[in-house]
Amino acid sequence: METFLIVGGALLFIFIVLYNTLISKKNQVDNIFAGLDAVLKKRYDLIPNLVATLKEYMLHEAGTLEKITSLRSQALQPSLNAHEKMALDKELSSALGSLMVTVENYPILKANENFLHLQHTLHEVEEQISAARRAYNQSVTDYNNALEMFPTNVLAGFMRLEKKEVLRIDVAERENVNVKNLFR
Amino acid sequence: MATLSSLLEYYYETMQEALFPLEEERKRIVKKLQTVALFMSVGAVVFFTVLHQQMHFALLQAALLSAMSGFLIFMFVYRHEKAGFTALFKDQVIEKLLYQIDASLLYRKESAIDEEAYRRSELFLEDYDRFEGSDLVSGSIAKVDVRFSFLHTQQKERDSKGRERWDTIFQGLFFCADFNKAFKSKTVVLPDTAERTLGVLGTWFQRMNVARGSLMKLDHAEFEKIFVVYGDDPIESRYILSHALMEKIVLLQRKINRRIYLSFVASRIYIAIAYTKSLFEPILTRSLLEFSYIKEYFQLLNTVIGIVEELKLNEKLWSKR
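Just so you know, the sequences run in chain order G and X.
All residue numbers for the first sequence refer to this note's numbering, where the first residue is 1 and numbers rise by one.
All residue numbers for the second sequence refer to this note's numbering, where the first residue is 1001 and numbers rise by one.
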């Protein structure tokens, strides 16, 4: 009877530890996703100001500016799931990226204090977004590892936990913001 | 930043001549110490004979007592002479070399990084019983506020027989500067010995280190091999440790080739580089007229001052301007 209790107790303990490990990894992914969402929000908040400033100067880029504004409003819809959010964010990133390249053709903007401030803030937010994506990917990898590795995989099967997808990080994003380039 | 060729020119054109009197002083001290050593050796032999023959001390006791007395008197003279020479050396060599590298920097030979900065860095969590330091360099390098000095912290321990022992917690260069990004959390980067020696088991031990915060796995293989990272915010730790910075830290580690500890606390960076000896102190047996000897101090100062450029701490992001 005593042996049975000891074995039963040990098994229960192992079960609790494994269960808690899986739950904490799952929550960690959600927490970091919330962090990522918060920095993405920071970028969305910058867009109206940026668009308003650029509209005056970049008359030929009205299409791009409109696209950015519409992507922002789509991304702010509360009904979006994580995948849709990330897809929209990717599209927005590339639209903003090409907009910043076009800005090079408008030297007058380089003298606009307001624009320069927005541009720098945007770069800083992008650094934060990149950091949040890397943190998210690491937490997803940890979670997915737990789902595949023994013995957590057995319990994960019972709990019907599903693998999550990591975000693809472009090589350009891995690089640090080159502040020197901003002042050229 | 000064180059080696500019130092070479400065050394032979200006510095060497000014070092002649100091070199004479060094020779005088070495000669004095040699004489004291000779006298003490003779004295110890005489003392030993008196102890053993006249006072009937046992052979081993007499030998130990006489050798110890001779040695202690020699050390007393040595320390006294060395302290005086060190002060002169620092004024005439270290301060001038520093001036040559960056004239705007301030050097105070008797000051050091304060205890508060050392504690705030959270690089070494052990309680210390002795906090010593010297050779504080402070100022602005490429508009970055920088301070560094030699530090030695020790802990008093007692062995199984109750004998007192001083264990070193950290000895070497302690550097702190403004970091180029604003952040609120804490990130600590330490040399990774556990994972390198124990593999997966080492990682498990590192995870258990609750005093340090959460273990961070970073996406830079080379960096991960050399360092272990703890932090309290996974996003901010990665914001600080961008790929570019991790790359630069790896290069700095390779260049210095010593144990490097880094921490990022309240928008400041702290770097501790471990050495097994005192820095910026003269070696009495080496001539000041040898360029290679002076070059070693120059290179040490140059490397530390170069950290700002090396880690691009001067390229500040918007919110830090």
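Simulated from the structure, these hints should not be mistaken for laboratory data.
Positions of the beta carbon are idealized from the N, C-alpha and C atoms, including for glycine.
Treat the hints with care, as some may be off.
What the hints assert, rightly or not - Derived, one-sided and incomplete: chain G residues facing chain X with beta-carbon distance under 8 Å:
no., residue
1, Asp30
2, Gly35
3, Gln77
4, Pro78
5, Ala82
6, Gln128
7, Arg134
8, Ala135
9, Val140
Said to hold, decoys possible - Taking beta-carbon pairs under 10 Å as the criterion, some of the chain G residues facing chain X (in silico):
no., residue
10, Gln28
11, Leu36
12, Val39
13, Met58
14, His60
15, Asn137
16, Gln138
Structure-based check of all given hints:
1. With a cut of 8 Å, the hint placing Asp30/G at the interface with chain X is violated, because the nearest CB-to-CB distance is about 13 Å.
2. The restraint placing Gly35/G at the interface with chain X holds, with a minimum CB-CB distance near 5 Å, inside the 8 Å limit.
3. With a least beta-carbon distance of about 24 Å to chain X, the hint placing Gln77/G at the interface is violated under the 8 Å criterion.
4. The criterion of a C-beta within 8 Å of any C-beta in chain X is not met by Pro78/G, whose closest approach is roughly 22 Å, and the hint is violated.
5. Nearest Cβ of chain X to the Cβ of Ala82/G: about 16 Å, over the 8 Å cut. The hint is violated.
6. Because the smallest distance between the Cβ of Gln128/G and any Cβ of chain X comes to about 5 Å, under 8 Å, the interface hint for this residue holds.
7. Here the hint on Arg134/G is kept, as its CB sits about 5 Å from the closest CB of chain X, short of 8 Å.
8. For Ala135/G, the shortest C-beta to C-beta distance to chain X is roughly 4 Å, which falls under 8 Å, so the interface hint holds.
9. For Val140/G, the shortest C-beta to C-beta distance to chain X is roughly 12 Å, which exceeds 8 Å, and the interface hint is violated.
10. The beta carbon of Gln28/G is positioned within 10 Å of a beta carbon in chain X (closest approach about 8 Å), and the interface hint is therefore held.
11. This hint holds: Leu36/G has a C-beta 7 Å from the nearest C-beta of chain X, less than the 10 Å allowed.
12. Because the beta carbon of Val39/G sits about 8 Å from the nearest beta carbon in chain X, less than 10 Å, this interface hint is met.
13. Checking Met58/G against chain X: minimum C-beta separation of about 22 Å lies over 10 Å; hint violated.
14. Given the 10 Å rule on beta carbons, the hint for His60/G is violated: about 28 Å separates it from the nearest Cβ of chain X.
15. The interface hint given for Asn137/G is met, as the beta carbon of that residue sits about 7 Å from the closest beta carbon of chain X, less than 10 Å.
16. Given the 10 Å rule on beta carbons, the hint for Gln138/G holds: about 6 Å separates it from the nearest Cβ of chain X.
Checked against the numbered hints given earlier, this structure breaks hints 1, 3, 4, 5, 9, 13 and 14; the rest are met.
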